[in-house]
Every structure is written in C-alpha cells, then in structure tokens.
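With the sequences and hints as input, model every part of the structure.
Residue numbers (the working numbering), protein chains in the order written: chain A, 1 to 346; chain B, 347 to 527.
Stretch-level coverage of chain A by chain B, calculated; a stretch enters the list once three of its residues show a Cβ under 8 Å from a Cβ in chain B: (1) 123-133; (2) 139-147; (3) 150-162; (4) 165-179.
By construction, these hints were calculated from the structure, which means they are not laboratory data.
By construction, the Cβ of each residue, glycine as well, lies at the ideal position given by its N, Cα and C atoms.
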Amino acid sequence: MSSITLAAPDPLGLYTNPIGHWVIVVVAMVVALVVLMTGAAYSVWFERVALGRMQRRPGPNRVGPFGLLQLAADGVKLAFKESFAPRMVDPVLYVLAPAIMVTAAFLAWAVIPVGIWYGFSYWIADLNVGILLVLAVSSMNAYALLLGGWSSNNKYSLLGGLRAAAQLVSYELSLGLALVPVFMIVGSLRLQDIATYQVHWFGASFPLPLILVAPLSFVIYMVSAVAEVNRTPFDLPEAEQELIGGYLTEYSGLKFVCFYLGEYINMITVAALATLLFLAGWEGPLLPPVFWMFVKIVFFIFLFIWLRTTLPRLRYDMLMRLGWKVLLPLAIANVVVTAIVLVAVQ
Amino acid sequence: MVAQAIFWIASAVAILGGVGVITLRQPINAVLSLVAVMLALSVLFLLLSAQFIFAVQIIVYAGAVMVLFLFVVALLGPGRERTRGGLRLHWSLSLLVALPFFGVLWAMLSGVRFRAPQKADLATFGSVQQIGIGLFTKYLFPFELTSILLLVAAVGAIYLSRGERAGHGAGTADEDQDDRA
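Written out as structure tokens, the structure reads:
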C-alpha cells in the first residue's frame, strides 16, 4: 500500500491506525461523490443562467429561489423517464458506455487535492505519478463515447462516436505535452506539490501562480481541455445541427443522466486542474483556502460558458488541423524552450 | 492477502481476455477483450510498485492504441466482419506450431526459480524520477535507438499511406488544400 500523507496535524493518531485510515478514506470518497454530483448539477444551473443572461433572457427562474431547484426537478423527471433502448442495439455495450463515462469522471478525483483550511489540504490517494492518473482515467472517456455511439445502431450516433474518439486521441497529446514544462519547473507530477509550489527569489519564498512562468502552457492546456471535454467550439461529437445529438442521440433517462453527469464532472475536473496547475491552487490572501479554490474553479467554469456563447463551432478538418499542426508543434517547442531556459538559469 | 487476491483477479482477467481476443466472433468484442488484457496488465504493474509504467500502460495502450483499433472496427460497421462457422482447428498444423512453442516455453521456464524480489526502496522504486534517471543515464543508448526506430516506422507509415492515395488521384478536401499550399 502506498503511504498516504495528510497535510494536517493528527492528534488522535487516526491516520496512522489502519482502520481509522480506511474510515477516513471511505468518508472522503463519499463526500467527494456528493460534492461532485451537487457541483455538476449547479454547473448546469450556472451555465443555463449565464447563457441566458448573455443572450438577454432570464434563464431558469421558476423552480425555487433564482431557479436553484431547477436541476432537482430535471433530475426527478429524467429518473422517471422510461429507460428504452432502440431495436438491434448491443445490450451490454449500450449500458456499459454511460457506466464507463461516469466512473472515469469520478475516478479522476482520487488524486486531486483540495485545500480546505489554513495548512490543511486533503487528497484521497498519494500517487507519485499524480496527474498521469488523471490523464489515464480521462483517456477512458474515448471508450464511453465511441462505444455509446457504436452500440446505439444509429448512423448519427456512430459518426458522433467516431468524431469523439479521433478528437480525444488528438487533443490528449497536446494536453499532456502542454503540462510538461510545469512538471519540469516544479520537479514533481504530484498535484499537491504543483499547487503549493514556492519560488525562492530575492531571499524570500512565496507561492507563485505558474501561469506567470508558463503562459504558453496555460493557453495550450485551456484549448486542449475544452476539446477534451467536448464543449463548444469543439463539440463536434454532439453537434446538434448536423448529428442530432451525436453519441447521445439514442440515450434517455438515467443513462442520459450518466453521460451528462460525466461531462459536467469532467468540466469541473479540468477547471480544478487548471486551478491547481496554473493559478497556485488554493493559495490566496485573507480568505481561507477552500474559498479561493472554489472561486478559481467557478472562474474557469464561467470561462467555458463564456467561450460557448462567443465562438462558433469549428469545422472537422479545422479541428484536426488545429490539434496536429498548431497546438502539437507549439507544445513541443514550448517544452524545448523551457528546458533550455531551465538549464540556463540553474 | 489483498495484494494476492488482486494478483489472481488481474491474472485471471488477463488470461480470459487473451482467450476472448481469439475466440469472440464479434470484432468489437475481441478488441474490448484486448482492452481488458491491457488494463489487467496495468494492474499487475501497479502491484509491482511500478506506478509510472502503470500510468503509461493505460494512457498509451488502453487510451490511445486500443481506441484506434476500436475506431477502425466501428468504421467497418457492426456485423460486417462476422466470420462464418466456428473456429476450425487444423490439428496437424496446430500441433506442428504448438509443440515447438511449448517446448521452447518449457525450456525457458524450467530454469526459472521462484525468488523474492531484490530489496528496493519502495519510496523511490518505480517513481517518475527513478525511471527518468534510468532512461537518461544507464539506458540512454537503447532509449535513443528505440526512438529512432519508432520515428522510422512512423515516417514509413505516412509515406506508404500518402503514396497509395496519390496513385488513386483522389484525396480528401483537406489533403487537396495541403497539396495546393
């Protein structure tokens, strides 16, 4: 078993006790599950309200105060829908696809640290490979979309699934390469090390948002992340004008909820990663860390929504050209230049 | 004991997946069996404390290579690649190949003795830092040779696919634009 450390005092000796340790881990997993599901629901609410305001309409405002209970109503409605499957679908893969999607989305949070209070942050698993696990788990999303599209036995679904697979595999490369300069600067793949990275300049040490030293990495990461979570302008796998709903077309009820939930949790995940990698995680003046972490994640989610209202969808060949001929060479050049600068500085 | 249980489960999944790859009739199920093999192998790597290899195994093999396999199978469409009849065994030919294979396997494995792994510092073993140091000092030459080999393979694949399309004279819109540029 890997040694799991807690960045907090442990007066009761609970964490060194194997049973107490497992109790804490299980409780943390349940809390993460509940928080993420609630977070995903309110991201949908936030997106609908923000979209509405940007398009000069109120958005959901009838169910509960400010429409805050809209998602509870939607959830109940979807849960009671008939869970039908079209004729001739592959019954196993048709159910497996949404299950993979939602499992992969939750699994990524095993290694994502959350700053809670001053000097107290928590992560479930302390892996040396850290963020590589997030990338590995998110690469499973391609299976969910591809299998969902294939098993639905519908040409639009299949096209959406194929597009999703090609897009995810292409943009994973530039996403991973964009992060390499960050790893080189910090010297660790652990997200908690990256988030609490301190620089020692002019005789003082202070936390530094890595966006200041690796701005190009940040830009490539953000573009690739939008493509990874299939959001406009890169939402070709579910482009409604041409593919009805892409891989989602034949799904309804709770299986649809699984896809949707996975998609929004993935959005929160990439927002949290951007926060931890480039905006110094939970560091911030005056207010406690949990507040700063929350505000930064909400900022990135707002950025995604803002992009959605602003930019039109790319054409498929433009998407591929941007990934392979612009972002990938840029990311490689970024790695090389960062390496040279680091060697020169040391 | 937990580790042993995980070992047996992962091994069983790997072997069953391997059998599934060659016996399942639907191509998509065969590909998914291979994915199961890859994931089971990654679990075995993790049991050996090789965290980095575990992550790379999932990202590269399960996350990229097998997705492309699945991509091609999905493009072919369901059922089109279905074989007719069962798996036919040519006993004489099978024996001709299988006997030498198992003989070589026996010759190799009979010399292997169970032994405890060498003492390694589990705090650093298998970590990214350790693998990086190994790759760029002790194994630098084979590492660079492998990268050249992969580059040659990639360039060769691109050359072959481009040459074939130029012969037919018909490319996609994207390629036509590239040719003009």
